[in-house]
Amino acid sequence: MFDMDDSLDSWFKREILVHEAALVRFLSRSWFVQHEVPDLRQDVYVLVYEAAAKSRPHAPKSLLFATARNLMIDRIRRKRIVSIDAVGNLEALDVLVDNDSPERRTSAYEDLRQLAKAFDELPPKCRETVWLRRVDDMPQKAVAVRLGITEKTVEKHVMKGMRLLAAALYGRGDERSPIGVVTQLLKGSKHGKPSGD
Amino acid sequence: MESHREIEEKAAVFLARRDGGAWSQADADELRQWMERSVAHRVAVLRLETVWEHARKLKTLAAGRPGDLVPAAGEWQSSPFFAAEAPELEKSEGETFRSETPAATSAPAAVPSRHGARLSRFAAAAAIIVVVATSIYFYRDRADDQYVTPLGGLANVPLSDGSNVTLNTTTKIHLEFTPEKREVRLDRGEAFFVVAKDAGRPFVVRVANKRITAVGTRFSVRRDGDDVRVEVAEGKVRVQSDVLQHASSAGEGAAGTPGDADVLLAPGGIAKTTVDGIILEERKVSDVEDDLTWRQGYLTFHDASLSDVVAQFNRYNSRKLRIADAGTGTIRISGTFRAQNSDAFVRMMSEGFGVQASSLGDETILSK
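Residue numbers (my numbering), protein chains in the order written: chain D, 1 to 197; chain B, 1 to 368.
Rather than coming from a laboratory, the hints here were simulated on the basis of the structure.
Zero decoy hints are in this set.
Below, computed lysine-lysine pairings styled on DSBU-like, alpha-carbon distance capped at 30 Å: (1) K141(D) <-> K59(B); (2) K141(D) <-> K10(B); (3) K156(D) <-> K13(D).
Based on the provided sequences and hints, a complete structural model is requested.
So, in structure tokens, the structure goes:
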């Protein structure tokens with residue numbers, strides 16, 4: 001049985017969920033069926049959480065990416081008929097994971113910029129609701145009065161708001177086609193490791 | 001099994017209700033039980049909690065704003081926070097890969113422009129080995145006006161009329177350009193032609209006993225012994241031979257009648273000729289373009305059998321791959337690979353498919 005205590009939960013938020021944007025990029029680059037990425041992500045989280053419940057890893061981020069990689073390889077084996085793009089990317093991404101941690105330089109500034117952008121993309125009522133709840137700390141009841149909608153509707157906007165923000169901040173992944181990406185990575189890896197800064 | 005979407009939705013329902021005023025002990029118990037039912041549930045809750053908490057940081061941006069007005073979308077750009085600091089942080093790490101790729105075929109081909117310099121064979125071969133940094137290399141024997149690529153070679157040869165030929169691995173062509181005609185003989189291997197329009201001067205590729213004529217078009221020709229394969233990416237190409245056969249009895253399209261020994265290929269058209277005749281195939285232009293990625297040094301496969309893939313790799317590499325048993329050869333593969341990096345391919349096969357790779361002489365044997 002796992003230790004389901006709060007400290008594991010907050011450890012998970014702090015050490016694992018913080019890498020979600022990078023994880024999703026990794027998955028969508030490596031995996032050839034884009035719509036399967038969210039399910040993969042979930043499975044990776046479950047495996048990492050279960051592993052951490054038994055023993056807290058020293059290098060959480062490495063565990064996260066190793067788990068993602070192993071999960072993909074495992075699925076590839078089971079499928080038998082599969083695009084080898086996936087594996088091709090995994091090889092190249094070893095380099096990426098070690099040397100080019102995507103979140104390495106996300107400053108507080110950049111964080112905020114992305115949050116503002118994600119926030120701006122929310123539908124109008126949902127956006128207002130999120131603002132009033134999170135910035136002005138207005139209770140849902142007051143938000144309902146202010147916006148002239150029912151409390152139930154406010155609740156719906158909150159639901160939608162958190163999901164859309166999560167999708168915008170982390171879940172979007174990489175929209176380039178897998179093959180294009182493989183080509184780039186292969187070309188990149190020819191020079192040993194990625195360039196840039 | 002529940003999908004991530006269902007789980008996320010359920011988690012959001014709980015959290016939005018908790019975010020409101022009416023959150024009872026019973027609700028809290030229900031959430032706790034739901035989270036304990038599966039780690040996937042728990043993780044979904046943690047994730048949305050994290051985001052919702054993160055959204056509080058919008059307060060930073062609200063600092064100094066009048067009252068409790070919700071800012072208009074895009075207003076951020078002019079907020080004091082963003083105005084104060086504007087470093088270029090847009091560059092995603094994906095960009096770093098995009099930037100530094102030398103386009104293989106754009107490497108200078110370094111073709112000597114003077115013709116007819118009579119050098120001894122030996123001196124010519126020694127002097128004109130052109131090695132370009134990205135392993136694109138070929139020999140040109142100036143005396144004979146012929147171009148040769150070794151195993152794994154790839155070369156781009158601009159021609160005097162503005163046309164262009166790309167030579168694949170182990171290829172040899174011979175040029176004969178006169179004021180009346182442009183003729184290229186393909187002795188072996190594979191070449192891709194981009195032909196400059198010149199109505200008065202037909203562009204002809206001679207290969208085995210076939211004659212391939214093009215006016216303003218892009219196409220490839222491959223020779224393997226007496227077998228010839230022509231693929232058209234753009235424009236029209238005429239293939240003439242002694243005998244002609246149809247692949248299917250439902251002969252339609254641009255093909256001639258059996259016995260004609262004369263075919264007109266449109267884009268997407270493929271003609272495979274053997275000593276017995278010509279077999280026609282029509283495919284999408286994008287398929288043909290995929291077949292042509294060798295020009296950038298890549299092989300592209302769509303649901304190809306491992307045996308076909310191995311045959312392709314073996315065209316480029318001295319260390320040959322061999323499949324031990326028929327079963328292994330039926331594994332289906334899609335993807336894009338560096339033609340010269342069969343080692344990486346073998347590693348992927350063993351890692352991803354559990355295929356065993358063993359060395360035997362100068363061969364690598366693949367078995368399941």
